[in-house]
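Asks: What follows is each chain in one-letter form.
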Amino acid sequence: MTGTTLGSKAAPVRFDGVSKVFGKDVVAVDSIDLQVDAGKLVTLLGPSGCGKTTTLRMIAGLEMASSGRILIGDRDVTRLPATDRDVSMVFQSYALFPHMSVLENVMYGLTFSGFVKEEARNRAMQGLDLVGLKGFDTRLPSELSGGQQQRVAVARALVLEPQVLLFDEPLSNLDAKLRRQVREDIRAIQQDLGLTVVYVTHDQEEALAVSDEIVVMRNAAIAQIGTPRQLYDAPNDRFVADFIGEANLLHCEIVSVEGDEATIDIEGYRHRLPARGLPPGPATIAVRPSRLVIGRDEGVPATVAKATYVGVRMEYTLTGGFGQVFAVHDDVDTPLEPGTEVHMGFATRGPVLLPDED
Amino acid sequence: MRAVSSEKTTPPVLVFWIAAGWIGFCLFPWYMLEDGLWSFGWLFDGYPFDEDYAPALFLVGQGEKLWLAPLLIPLALPLLVLRRPKSDPAYARILILSGALGIVWIIAQGFGIGIRGFTYDWLTALFGELDDRQYGMGYGAMICATAFLFLFTQGIAARGAINGDVFVVSAIGGVIAIVTAFVFFPIARMLFAAFITEDGAYSIAVFFSKFFDDRLWGLGCLSGTRCGAAWNSLFLAILVGFITTVLGLAFALVVTRSGFRHKRALRALTVLPIITPPFVIGLALILLFGLSGTVSEAVAEAFGIQPTRWLYGLPGVLIAQTLAFTPIAFLVLIGVVEGVSPSMEEAAQTLRANKWQTFRTVSLPLMRPGLANAFLLGFIESMADFGNPLVLGGNFDVLSTEIFFAIVGAQYDQGRAAVLAMVLLFFTLSAFYAQRMWLGKKSYTTVTGKGDAGVHPVMPRGLSIPVHCVVISWALFTVIVYGMIVYGSLVELWGVNNTLTFKHYVTAFSIGMTEHGLHWSGAAWDSFWTTIMIAAIAAPLTAAVGLVTAYLLTRQSFAGKNAFEFGTMLSFAIPGTVIGVSYILAFNVPPIEITGTGIILVISFIFRNMPVGVRAGIASMSQLDRSLDESSLTLGANSWQTFRKVILPLLRPAILAALVYSFVRAMTAISAVIFLVSAEYDMATSYIIGRVENNDYGLAIAYSTTLIFVMLAAVGLLQLLVGRVRIGRRMHHATERPA
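First to last, the protein sequences are chains A and B.
Numbers 1 to 358, taken from my numbering, label the letters of the first sequence in order.
Numbers 1001 to 1739, taken from my numbering, label the letters of the second sequence in order.
FYI, nobody ran anything at the bench for these hints, they're computed from the structure.
Beta carbons are placed, not taken as given, at the ideal position from N, Cα and C, and that holds for glycine.
A few of these clues could be false.
[What the hints assert, rightly or not] Here are some, though not all, of the chain B residues that point toward chain A, as calculated from beta-carbon distances under 7 angstroms:
1) ILE1107
2) ASN1163
3) GLY1164
4) LEU1272
5) SER1631
6) THR1634
7) LEU1635
8) GLY1636
9) ALA1637
10) ASN1638
11) VAL1646
Pulled out of the complex, with its shape left as it was, chain A reads as follows:
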């Protein structure tokens, strides 16, 4: 290898009140503010049609913002076309040029960036090396497996040392096993090179696994921004709670608030947890299935409606006056039979209070 090694010129990305309107009145992105720090991997997560891909394409310059400002580093790029932005993107379909070899694909961007041929070639080879595709340089994309094609697409984007690297659902065309592997590779490369990465996915598990920060989007707006842990443990509202991981949402009554601790009541069962600024009155409590404690003596009365053995744990569906909840239990040796009367309590850590939305 020659002296040059691939590095990064990672830069932050900022959105100031950016909107995108298609046609006359289809609002795809509605006045969002967003800060992506340099060297961080930020995921845009949300159901389909929430505007996450449009947001990504606006960073790339493939869509132009209808209003607002987009900054990459210190530069206002709002009006710059894709060609002139220092951003590269890995496409969902990979978009490898079928008429060029793997090496030509990876060199493609370098030849437009002022590198002499020799240097471009060196860098491209390094890029291929980095993604573990040494020796595949003369093949055509059609001769590679899906996972390999994906890595060529990553290498092609990496070698340009872009200020920002974008991924548009990069794993959706891979099978489940490969997905875990590739997402770990992407995360490793991102951390090694210190890249700024913006990553779009609709898979919450993928988002939790790779991100420094997750931006949850809904209906063209941002629902919540936070680290994976913050989103999982302290969702802002029912939508986020339900979208990130599974959550049981139960109506409850805040009976008293002391400092930042609240006491709630469900059918006579009392539980203390952080108030998160909510006043006494009706509220919603979000409880992860693993944070439900099934016992005989303390808690809300419930009946086991369904019990499913899935190997590593038991999955129960409980019904009662509160409606229906989904719970998991690690004890597979003494399973509860359907029809058993139980009491359902909450773990001390985990459940969070949410404002009532109706």
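Dock chain B against chain A, hints included.
Replies: Same frame as chain A, but now just chain B:
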């Protein structure tokens, strides 16, 4: 790094076009040269001071043609932006201003000052009599005007249109400019010509007198005399549209819904209209049914009847056009009939409809829009057809031939030709409009990409038998007609002396040896080589314009895109005769004075055949995933580099197809060509028509046969090459795969 470099320095494209403007102004002869630029005779004949050859700068410097001097302002203005960054508002403003000024001034002086000084009386009244004059603009003017156009588009791009994409804005500007200059301008000129009186003034009365002429709208045929050409054309076109649609449907049904064995042979029929010069079928019909035709004589002998001239007139033209255009309807309807989802028919059958009921209640209604489409195509083709009515029309006047006789005949009446052309244009444009606006949204045949398992049911028996009879007999008839063409070219003198001979081929294509080497002594070689040359020049240009247009239509969105699309596809609906007439009227006088040159033929082919290239391009470009372009853009290539490095290589088969088809169509065209040929540039088809008019059928048919085989070879070569491209790639895979 790529972002930084693009801001500080002047884009090379801008430097190029500024330089081109100056070169056009200072170096190239401003006016059209008598002998053409490439003879280079002008270089040694007084250039750069002689008035005829001088560049604009020298003309102005010597105090001549002073109206060219103002062009120096828009030429100099762009120099101001050289040091400015692109983001400077003055950059865009100066470029737009100088580009617009330059174009407007070139157009204004071109139209304002002609071969007799000022063209318009009010100019003379304003400035007094002008002692000078000017002829058609030449290369200098053309380069200059092009430079102004692209300076203008770069200015527009710098203002932020299409994300500031210079290539896309320039391509749009370029296509609009040439389509305006060579489609809309001549058509507009022609429309004006309809209002000109004999002494050059404009008058509505003249138009009305020509428009309500009895030869156009007369209904005499109802009472035994002759009908007007407009009614004849309309009647003929409706008949042809109807019959070709029915026959085409029958062929399509046999190919897709029957156990017929020779489907491949039937499909081969679809190639015929591509390779057949339009009047050849007329000639073959004369050989069969004419006064001394084979069939006529046999019938005369058998029944003792005197052969008549029944063929010349409506029956002959109708048969010829039906033969010629049935394959087109067939081609359209194969797609439609195959496109009806088999699951719908299967669903109908499971709902207890029998085969006949399924066909009548499900299949046929689903094909209805396709049938209407085929009808309209047949209608347009028949309206525009020129060759067959010319050969077989007799006293049956149709618009396309009447236009021709109005302008080349003894009557020489430009106004009448223009009026006739307007009527013809009205008919074809209405059909074209109906086809696009009404049928465009109404297709039931959708290919969804979801696998549609199922088989088309076989036709019901009651339908199958008559359909097979019709198809087989019509196919046989077609084969006989084409056989006649080959046979006729080998006969001494048709109907009189039926000995076989190669005489006609020798007359047309003999090659002699002289001491100077090969001597192309055959009578047809001149026109043959001219045709090949013109077609070979026109084909790549047609393909280029077509593909760039297709790229803009499929890959870019911009204001006025629908109008842009309509404008570019419009030339499809403009009959060749109308193009011919309008070109003669528009390009016979300055500022663009190109009649009698090869250039006008090339240009007419480009705009006649452009829709073919556009369609081929659109079809294959919509199969390329958009993310390919996008990834190229995010990798730092600009849109021109993306077009050249990603899209073009992937479109190679489409390019090849567009090339070959525009080449072949250029060789078989007659309707526009016959107006535009000159002694120097005679084309094969017009030469053949000339032979026919002299009753020299042998030579005409031998020449036509040769053309058919040349074009068959071209199409065959295409098939081979396109096939090769794919196989080549696969073999490439195999060899490069590491062991």
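Asks: Among all the numbered hints in the text so far, which are the ones the structure does not match?
Replies: Those not satisfied are hints 1, 4.
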